[in-house]
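Visitor: For the record, the sequence lines run as chains A and B. Letter by letter, the first sequence follows residues 0 to 268 in numbering that gives the first Met the number 0. Letter by letter, the second sequence follows residues 0 to 268 in numbering that gives the first Met the number 0.
Calculated from the structure, these hints are not laboratory results.
No copy labels: a pair is met if it fits in one copy or bridges any two.
Capping the alpha-carbon separation at 25 Å, the derived lysine to any residue pairs in SDA-like fashion look like this: (1) LYS173 <-> PRO149; (2) LYS86 <-> SER242; (3) LYS67 <-> LEU90.
Protein chains: 2
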Amino acid sequence: MADAAIGVFDSGIGGLTVFRALRRELPPGERLIYLGDTARVPYGTKSEETVVRYALEGARFLQKRGIKALVIACNTMSAVALPALRKEIPLPVVGVIGPGAEAACRATRRRVIGVIGTAATIRSGAYASAIACHLPDARVIGRACPLFVPLAEEGWVDNDVARATAAAYLGDLKREGIDTLVLGCTHYPLLQGVIGATMGPDVTLVDSAGATAQVVRARLEERGLLSGGPTGRDDDHFYVTDSSERFREVGSRFLDAPLARLEQIDITA
Amino acid sequence: MADAAIGVFDSGIGGLTVFRALRRELPPGERLIYLGDTARVPYGTKSEETVVRYALEGARFLQKRGIKALVIACNTMSAVALPALRKEIPLPVVGVIGPGAEAACRATRRRVIGVIGTAATIRSGAYASAIACHLPDARVIGRACPLFVPLAEEGWVDNDVARATAAAYLGDLKREGIDTLVLGCTHYPLLQGVIGATMGPDVTLVDSAGATAQVVRARLEERGLLSGGPTGRDDDHFYVTDSSERFREVGSRFLDAPLARLEQIDITA
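Use the sequences and the hints to build the structure in full.
Guide: This is the structure in structure tokens:
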């Protein structure tokens, strides 16, 4: 079982930030299988019920490939579908919300924490609940920022539009005096520069990719599931549900290496 | 057959602009069935192959409901899936590109026409081909504007972000000296104010909803399929693939009337 792969599931391409963090954190012998549901992306604008259905379909697809653990590299899915996934999938399932919330609790000084994410993530209140487990007296202020994903995908991370958008979304959080801001969507680290400039140097930005990779490592370690094999990187496998061309281009830029094994599949079949 | 309903198919909610134009243009006896594939929206960022598959699934769902004609109220689908739909669906199929292109040809004075739309619509070159049928010597300049849809859905139609986005997308078209601009996506009329202000008074904006409704009327008339019955409005039916709550709210605002018959369905089943 230690030789089995780890499944990494995202609604699209953003989860590659978590994939990259896992590659850095885990022993070289680990094999990773990535699934991006690019034919139905985004999940963050859809209802909870639909996100849960998509999450279960994707998880079952990865489960059939014999994975030893499942990483949900998508804030929206982690926020609304984790209970359903843990009930249906008999494997360790790690989402990004718990690790991100813990990292925010370590970073905050005045216990006033901002969370930005998709409409579905913010509506769920998942970060506030997870933060309350560690710091029950923290004040958590959420703000949905639906334009940040298309902005990052357009590559507009440092122009007038990016600055005006950040000012419009983040003004209230700034006035509330937060000292820590959780980037609660895998795309947002791409906008880190403009978000940081808007919030100012007193606000610590928290990205959950690194924290999630550490939790995955600890979880595998405690179950004796870490692989001690030779390098697994060449066996990494990428699956997408829409055409793979754009994913190949953006993905290899993201990971700084060509995606050797990339396949388009139908997870609804 | 004249008593059968007309199917109106869009990837989401934007096609309601075409629905509204049809209601205005057609006799009151017509019944309309609207399908919005809200669980997989948007189509405009996806590959041609995936858009064609989704288009056929939705069209077959509507066909089973006994419609007499199919209106594709989505520029992306009209741009890439119309040949496949006409081959597979034995009904009159009307898209929005042909009528929009004709309206642009009537509006232009210097025969320099700009077209804005989703990435898939612009990549397809469908507007340029349709315009070339009427005005072979017209110059057509396309520009994908992926941020306009999320901007319209956020309701940011007249703020700093909307103005900066319009300036970034439309600057080149302005410098090229277009005299007519096709709003090649059903969401864009919501941004008509800021687009018009950016382009200036010399540029005519063309929206294909009204032109499409006129073509549908003519097509039904020439086949003797116009309904002469009493009012069909109360029998209008709306189907969506994601949860119906948000659609109910936005849709009734769009149509200025409550959506009496609204159902969530699964078109992949």
